[in-house]
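Start from the sequences, fold in the hints, and give me the full structure.
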Amino acid sequence: MLTLVLALVVAVSAPVSTSSNYAVGFQQAYAADTADGMKRLNLVLKKLRDAMGSMKDFDELEKAGLAKKDVDRMRRAMGDKINQMMEDAIYAIRAL
Numbered sequence: 044m045l046t047l048v049l050a051l052v053v054a055v056s057a058p059v060s061t062s063s064n065y066a067v068g069f070q071q072a073y074a075a076d077t078a079d080g081m082k083r084l085n086l087v088l089k090k091l092r093d094a095m096g097s098m099k100d101f102d103e104l105e106k107a108g109l110a111k112k113d114v115d116r117m118r119r120a121m122g123d124k125i126n127q128m129m130e131d132a133i134y135a136i137r138a139l
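One gets our numbering by counting positions in the sequence shown from 1 and adding 43 to each.
The hints are simulated quantities; they were obtained by calculation from the structure and are not laboratory data.
Beta carbons: idealized from backbone N, C-alpha and C, even for Gly.
Hints are supplied without guarantee of correctness; some may be wrong.
With a straight-line Cα cutoff of 16 Å, these simulated EDC-like cross-link-like pairs (lysine to aspartate or glutamate) come out [stated by the list, open to error]: (1) Lys124 to Asp93; (2) Lys99 to Asp113; (3) Lys99 to Asp79; (4) Lys90 to Glu130; (5) Lys90 to Asp131; (6) Lys89 to Glu130; (7) Lys90 to Asp102; (8) Lys90 to Asp123; (9) Lys89 to Asp131; (10) Lys82 to Asp131; (11) Lys111 to Asp100.
The calculated label-pair distances, taken between Cβ atoms and stated as ranges, are [said to hold, decoys possible]: (12) Lys111 to Leu139: 39 to 47 Å; (13) Glu105 to Ile125: 17 to 25 Å; (14) Ala107 to Arg137: 34 to 42 Å; (15) Lys99 to Ile136: 23 to 31 Å.
Written as structure tokens, this is what we have:
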């Protein structure tokens with residue numbers, strides 16, 4: 044009888060222990076994903092800031108004598124890159 048009670052206690056306590064370990068594992072994985080997501084977001088935002096700052100450099104190139112059509116082409120390319128980085132930032136924010 045005592046063996047049956049011990050077996051029942053072990054059987055009942057085992058799933059509870061497993062489910063709590065699963066919850067802890069899930070929380071750790073979620074925290075790691077969130078930390079990675081924040082790192083990715085910070086990187087995207089830094090690159091976006093740098094790219095936006097470089098738009099001012101195109102004015103300087105034009106003043107220095109570079110052809111307007113070349114400067115405009117570079118602006119369009121950088122504008123496209125900035126738009127892509129903004130989409131990446133929005134995606135990273137939504138993923139968090």
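We went through each hint and held it up to the structure:
Proximity of Lys124 to Asp93 is assessed by CA-CA distance (about 11 Å); at most 16 Å being required, the pair is judged to hold. Annotation: proposed proximity of Lys99 to Asp113 holds, straight-line Cα distance about 15 Å (limit 16 Å). A C-alpha spacing of about 32 Å is found between Lys99 and Asp79, which places the hinted pair above 16 Å, so the restraint is violated. Using a Cα cut-off of 16 Å, the hinted pair Lys90 and Glu130 holds, with the two alpha carbons roughly 13 Å apart.
Of the pairs offered as hints, the one joining Lys90 and Asp131 holds, with about 11 Å between alpha carbons and a cut-off of 16 Å not exceeded. At roughly 14 Å between alpha-carbon atoms, Lys89 and Glu130 fall within 16 Å of each other, so this suggested pair holds. For the proposed pair Lys90 and Asp102, the alpha carbon gap of about 20 Å is over 16 Å, so the pair is violated. For the given pair, Lys90 sits about 14 Å from Asp123 by alpha-carbon distance, which is consistent with the 16 Å threshold.
With a C-alpha separation of about 12 Å, the suggested pairing of Lys89 with Asp131 holds against the 16 Å cut-off. A threshold of 16 Å between alpha carbons decides the hint, and for Lys82 with Asp131 the separation of about 13 Å falls inside it, so the pair holds. Distance hint between Lys111 and Asp100 is fulfilled; the C-alpha atoms sit about 13 Å from each other, no more than 16 Å. Remark: the range hint 39 to 47 Å for Lys111 to Leu139 is upheld by a beta-carbon distance near 42 Å.
Take Glu105 and Ile125: their Cβ atoms lie about 18 Å apart, and the range 17 to 25 Å holds. At roughly 41 Å, the beta carbons of Ala107 and Arg137 sit within the given window of 34 to 42 Å. Checking the proposed 23 to 31 Å range against Lys99 and Ile136 shows it holds: the Cβ atoms sit about 26 Å from each other.
This entry does not satisfy hints 3 and 7, going by the numbered hints stated previously.
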